[in-house]
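**Student:** Please build the complex by placing chain B on the supplied structure of chain A, with the hints as guidance.
Each chain, letter by letter, is given below.
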Amino acid sequence: MAVMSPTMELQAAALARQRRRGAFYIAAGALIVFLFSRDTHWGELATLGMNTTRSVELVKLPDIVVPVLPTVWFLGASAIGLGVWEFWRGFRRTGWLLGVVSFAFLAAFLVWAARGESFSLIGILSASLQLATPILLGALSGVLCERSAVINIAIEGMMLGAAFTSVLVANVTGSIWLGLFAALAVGALLAAWHAVMSIQFKMDQIVSGTVINIFATGLTNFLNQRVMQVYTQFNNEMTFPVISNVFPGLGKIPILGPLLFDQSPLVWIALILLIVIQVALFHTRWGLRTRAVGEHPLAADTLGINIIRVRYVNVILGGIVAGLGGAYFTLGSVGRFDKLMTNGRGFIALAAMIFGNWTPLGSFASSLLFGFADALQVKLQILIGQVNIPSEFLLMLPYIVTMVVLAGVVGRVMPPAADGQPYEKQ
Amino acid sequence: MADLGQLETRPTARAKPQPVRVSLARSALNALAVPVLALFSALVLSAFFILGSDPVVLTAYSHFFSAPGAALAISWKAVTDAYTALFIGSLGNPAQMADAVRVWITTGESKAMLTAFWPITESLVTSTPYIFAGLAVALGFKCGLFNIGAEGQIFIGAIVAAWVGYTFTGLPWIIHMPMTFLAGALGGAVWGGVPGWLKARTGAHEVINTMMLNYVAFRLSDYLLNGPMKRGGAAGYIPISRDIEPSAYFPKFFPDPIRLHMGFIVALGVAVLVWWFLWKTTWGFEIRTVGANPRAARYAGISVTRNFVLAMALSGALAAMAGAGEVMGVNHNLASAFSPGYGFDSIALALMGGSHPAGVVLAALLFGTLRNGATKMQSLAGIPIDIISIVQAFVIMFVAAPAIIRWIYRLKAEGGVEAIFTRGWGG
Numbered sequence: 001m002a003v004m005s006p007t008m009e010l011q012a013a014a015l016a017r018q019r020r021r022g023a024f025y026i027a028a029g030a031l032i033v034f035l036f037s038r039d040t041h042w043g044e045l046a047t048l049g050m051n052t053t054r055s056v057e058l059v060k061l062p063d064i065v066v067p068v069l070p071t072v073w074f075l076g077a078s079a080i081g082l083g084v085w086e087f088w089r090g091f092r093r094t095g096w097l098l099g100v101v102s103f104a105f106l107a108a109f110l111v112w113a114a115r116g117e118s119f120s121l122i123g124i125l126s127a128s129l130q131l132a133t134p135i136l137l138g139a140l141s142g143v144l145c146e147r148s149a150v151i152n153i154a155i156e157g158m159m160l161g162a163a164f165t166s167v168l169v170a171n172v173t174g175s176i177w178l179g180l181f182a183a184l185a186v187g188a189l190l191a192a193w194h195a196v197m198s199i200q201f202k203m204d205q206i207v208s209g210t211v212i213n214i215f216a217t218g219l220t221n222f223l224n225q226r227v228m229q230v231y232t233q234f235n236n237e238m239t240f241p242v243i244s245n246v247f248p249g250l251g252k253i254p255i256l257g258p259l260l261f262d263q264s265p266l267v268w269i270a271l272i273l274l275i276v277i278q279v280a281l282f283h284t285r286w287g288l289r290t291r292a293v294g295e296h297p298l299a300a301d302t303l304g305i306n307i308i309r310v311r312y313v314n315v316i317l318g319g320i321v322a323g324l325g326g327a328y329f330t331l332g333s334v335g336r337f338d339k340l341m342t343n344g345r346g347f348i349a350l351a352a353m354i355f356g357n358w359t360p361l362g363s364f365a366s367s368l369l370f371g372f373a374d375a376l377q378v379k380l381q382i383l384i385g386q387v388n389i390p391s392e393f394l395l396m397l398p399y400i401v402t403m404v405v406l407a408g409v410v411g412r413v414m415p416p417a418a419d420g421q422p423y424e425k426q
Numbered sequence: 001m002a003d004l005g006q007l008e009t010r011p012t013a014r015a016k017p018q019p020v021r022v023s024l025a026r027s028a029l030n031a032l033a034v035p036v037l038a039l040f041s042a043l044v045l046s047a048f049f050i051l052g053s054d055p056v057v058l059t060a061y062s063h064f065f066s067a068p069g070a071a072l073a074i075s076w077k078a079v080t081d082a083y084t085a086l087f088i089g090s091l092g093n094p095a096q097m098a099d100a101v102r103v104w105i106t107t108g109e110s111k112a113m114l115t116a117f118w119p120i121t122e123s124l125v126t127s128t129p130y131i132f133a134g135l136a137v138a139l140g141f142k143c144g145l146f147n148i149g150a151e152g153q154i155f156i157g158a159i160v161a162a163w164v165g166y167t168f169t170g171l172p173w174i175i176h177m178p179m180t181f182l183a184g185a186l187g188g189a190v191w192g193g194v195p196g197w198l199k200a201r202t203g204a205h206e207v208i209n210t211m212m213l214n215y216v217a218f219r220l221s222d223y224l225l226n227g228p229m230k231r232g233g234a235a236g237y238i239p240i241s242r243d244i245e246p247s248a249y250f251p252k253f254f255p256d257p258i259r260l261h262m263g264f265i266v267a268l269g270v271a272v273l274v275w276w277f278l279w280k281t282t283w284g285f286e287i288r289t290v291g292a293n294p295r296a297a298r299y300a301g302i303s304v305t306r307n308f309v310l311a312m313a314l315s316g317a318l319a320a321m322a323g324a325g326e327v328m329g330v331n332h333n334l335a336s337a338f339s340p341g342y343g344f345d346s347i348a349l350a351l352m353g354g355s356h357p358a359g360v361v362l363a364a365l366l367f368g369t370l371r372n373g374a375t376k377m378q379s380l381a382g383i384p385i386d387i388i389s390i391v392q393a394f395v396i397m398f399v400a401a402p403a404i405i406r407w408i409y410r411l412k413a414e415g416g417v418e419a420i421f422t423r424g425w426g427g
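As given, the protein sequences belong to chains A and B, one line each in that order.
For the record, in the first sequence the residue sitting at position 191 is 191 according to the numbering used here, with numbers rising by one throughout.
For the record, in the second sequence the residue sitting at position 221 is 221 according to the numbering used here, with numbers rising by one throughout.
Keep in mind the hints are simulated off the structure, nothing from the lab.
Be a bit skeptical, because a hint or two may be false.
Result set (DSSO-like, lysine-lysine): computed pairs, CA atoms no more than 30 Å apart in a straight line [to be verified]: (1) K252/A with K379/A; (2) K425/A with K202/A; (3) K379/A with K230/B; (4) K77/B with K339/A; (5) K339/A with K376/B; (6) K339/A with K230/B.
Selected chain A positions facing chain B (Cβ under 8 Å, derived; list incomplete) [what the hints assert, rightly or not]: (7) T210; (8) G218; (9) T402.
Keep in mind it's a predicted model, so treat the numbers as computed, not measured.
Think of the CB as a built atom: it goes at the ideal place given N, C-alpha and C, for glycine as much as any other residue.
The shape of chain A in the complex, shown without the other chains (with noise of 0.2 Å):
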């Protein structure tokens, strides 16, 4: 055989990625197919429902009823067709694809699991949502480190310690801005130590984010132990109140009104810093300087930016949204702390930010996935009789699938070239 040109390598290359990915879709195709014709006969119906239970709406909109196995086929072929078409022809853009065939799949789950009964999908829907914000602001937060090299992996640290000290403050000061406030705090002291440890003292970026999860997990449960639960009157019910509580009006819109007013203050907030700092970092100069610091910092240091200040303030930075993030946890939902709350949400946020491959509206898409999982865990007991696989099987689901799309489509992520790397001046 002929030596192969590099462009020839690389065209090679490219159709082999091309097939494995039309191969993934048509698995998918055939796996919704398989997996969904189970335990249901022809003509069986399911309703999905568009209204909340609190019946506030202005218009009753109509539940969407939809006979199964038709609709299970039908996102099956559709799946099918655009793996097949993909296999032989290409598309020429193919990040919508896992978009769509993701939404088939969980389309089938959801209409096959809800055959013969009612299920509420605005529910889940908004579930979702506010499942997704705390994974959201963690991942943004691990973007705005990264981006300028600093590695994260203290985002769950961060989240638990602002979460106890928001509840602490809002409850000791009777002010939940004042405790908001502290959380914001909390967050961007941690960061400062990170940034000191891993900057200053240069030390290993895993192991300094590793001392605050350690220490903040210690601190708090210390703390919870301690405080809280010697003075119960420090850890009552605080919450920002939900939008349509206050604008009863726009709580009446269909679809729109649970979906987006039921929630709390802080998911508008997490969804518009998603969208600043998608714009800052990719249309701004302190976007420029930021992603050079993460991607060349020998180069950005050469043309004049202050490498160390970028890494400090973008550190800090991202301490507070992980700040945020944690107050999401108490003030923003349950208003209470309980010991360990966070749950691991900051790593799967560092998931999250990895998946969305470092930037911001990836990471929106992933924390969302992550997000509807959760909501799944919780919406789902409602129809375990109907689902007739082990409820264990079913929880797995959301981590293999998000192994199987990783490994099937996304492939190798592309962390910013200098991450993880102290800065030594030349």
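**Tutor:** Relative to chain A, chain B alone:
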């Protein structure tokens, strides 16, 4: 990639030229100074948290200006009480131990010995899973892989060991015991090998995949303990498995209150084995080369993908040994909450031990001792066990950044080389 040219060791910033002959005693003292001072400083710093959360102490300080002596005395008492309890809980009461030895020598009565030495043996029992799990994460680091999934691998090891332990009956212990242990390790090797294979094959990041597999392992264990592996009979409502056969037990060394079992010796043996493997075999050399610089390794003809799979499988096997060891030596069954987070602590452990087996064993002994002593501190002095995590955090910080310790205590910098712990997200 910017990590080109990073070798396994690199000179510290501005290393001073070393004098050719350094006094051996002095260099040993210097090497010990940093960890010892790190532990000391960590305990001092943590004392402030003990004081700051003690209402009695805080009240005393509100009268600080009228009675400063009283406030300081109360603070001193609160801290010494706590740390005395920590010491007695982790190592034992020296006076009681000396007494017990005297009684044993004069009368041959060993009962007092068992009670007196119970705390220190219990510390070794707690250290055992830490050694295994710490080695697992350290081996991953050596190949440039961040195995965040030790906890899940521990569960898999325990599940497989429990199943093999109670399913095969009538085997002699010489076969059943190693079989159970190795089966557990094999389960972990598969569980850890999958993310390694996925990374090698598709580039999917091991941090995500090992974390996802953690959750899968937890759910799997929930399912098994509420279903197929659940113990029948009166205990039917508790998610706990049947007891394993005595032929699969790790034998204990001493009569009953003392739980020290063979797993501890196995752990030390495995640590030596890991050292030998990493530094004395070709496979180990390849793993370390890939960890230090995958690109250079590839140019040297080393298969990076093969070493990713190998290192992750070995790492998974080591972590699983921690789970199998707990089942075979301590619990003798599988319960849903048998691990208080050994796998997550082990990341810190591996970092603290500099990813070197000897360092990991020392760090594991320290962690096990602290955690065991903290239980006593909680019951005697009312200090929540979590203060140990705070101490741990500071110890790791000081050990990982000796510059801080040197700066506090005005020590001269050693001109040696510092090991690289991790390689960030790898690549």
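**Student:** Taking the hints in turn, state whether each one holds.
**Tutor:** Hints, one by one, checked against the model:
As the CA atoms of K252/A and K379/A are separated by approximately 23 Å, the hinted pair is consistent with the 30 Å bound. Proposed proximity of K425/A and K202/A is supported: the alpha carbons are some 12 Å apart, at most 30 Å. Taking the CA atoms of K379/A and K230/B, the gap is about 27 Å. The hint holds against a cut of 30 Å. For a cut-off of 30 Å, the pair hint linking K77/B to K339/A stands: about 29 Å separates their Cα positions.
As the CA atoms of K339/A and K376/B are separated by approximately 21 Å, the hinted pair is consistent with the 30 Å bound. A C-alpha spacing of about 29 Å is found between K339/A and K230/B, which places the hinted pair at or below 30 Å, so the restraint holds. Of the supplied interface hints, the one on T210/A holds, with its beta-carbon coming within about 5 Å of a beta-carbon of chain B, less than 8 Å. Evaluation of the G218/A hint against chain B yields a held restraint, the C-beta minimum of about 3 Å falling below 8 Å.
Taking 8 Å as the C-beta contact cut-off toward chain B, the hint placing T402/A at the interface holds, the least distance being around 5 Å.
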